[in-house]
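Please model the entire structure based on the sequences and the hints provided.
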Amino acid sequence: MTDTARNRSEEERHERLLDFVGYVLTAARALGKEPASYGPMRLVDTLTKAVELLEDAGIRDESVKGPLAVIRENRWQATSDPEAFGEALDEAIRRLVEVTLEDARRKEQAEK
1 MTDTARNRSE
11 EERHERLLDF
21 VGYVLTAARA
31 LGKEPASYGP
41 MRLVDTLTKA
51 VELLEDAGIR
61 DESVKGPLAV
71 IRENRWQATS
81 DPEAFGEALD
91 EAIRRLVEVT
101 LEDARRKEQA
111 EK
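In terms of the UniProt record's numbering, the sequence shown has 97 at position 97, counting the first letter as 1, and numbering is strictly consecutive.
The hints are simulated quantities; they were obtained by calculation from the structure and are not laboratory data.
The reader is advised that the hints may include incorrect statements.
Pairwise CB distance ranges (calculated) [unchecked claim]: (1) E108 to L68: 23 to 33 Å; (2) E87 to E10: 39 to 49 Å; (3) Y23 to G66: 18 to 28 Å; (4) R29 to E102: 37 to 47 Å; (5) L43 to R105: 26 to 36 Å; (6) S80 to K112: 41 to 51 Å; (7) R75 to L54: 12 to 22 Å.
Straight-line C-alpha distance at most 25 Å; calculated DSS-like pairs for lysine-lysine [stated by the list, open to error]: (8) K33 to K65; (9) K65 to K49; (10) K33 to K49.
Even for Gly, the Cβ is constructed at its ideal location relative to N, Cα and C.
Encoded structure:
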């Protein structure tokens, strides 16, 4: 990687980090004035942006893709059908629990 490419990449990461921090701060400020149904949607958006930043930094884990996909597919329901969005969040949580339990089983097997 050339110094120019590295600097551009670092600049892009810096800009994305500033965008993320700005998003979180302005979302936090706006939450008090927005409908309650925006809260879960904002948290999910924040999670998605955080995962993208981690991926930019070279930290990737395919196991989180499934739970995040459930949310991405159902995000539009956050304001139009909060109950359905809640069910999608429950499904994403179940999938993450499955990943966590599978990781624990693998670690346990490796220790034997």
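Hint check results:
no., hint, result
1, E108 to L68: 23 to 33 Å, "holds (26 Å)"
2, E87 to E10: 39 to 49 Å, "holds (41 Å)"
3, Y23 to G66: 18 to 28 Å, "holds (24 Å)"
4, R29 to E102: 37 to 47 Å, "holds (39 Å)"
5, L43 to R105: 26 to 36 Å, "holds (29 Å)"
6, S80 to K112: 41 to 51 Å, "holds (49 Å)"
7, R75 to L54: 12 to 22 Å, "holds (20 Å)"
8, K33 to K65, "violated (32 Å)"
9, K65 to K49, "holds (13 Å)"
10, K33 to K49, "holds (22 Å)"
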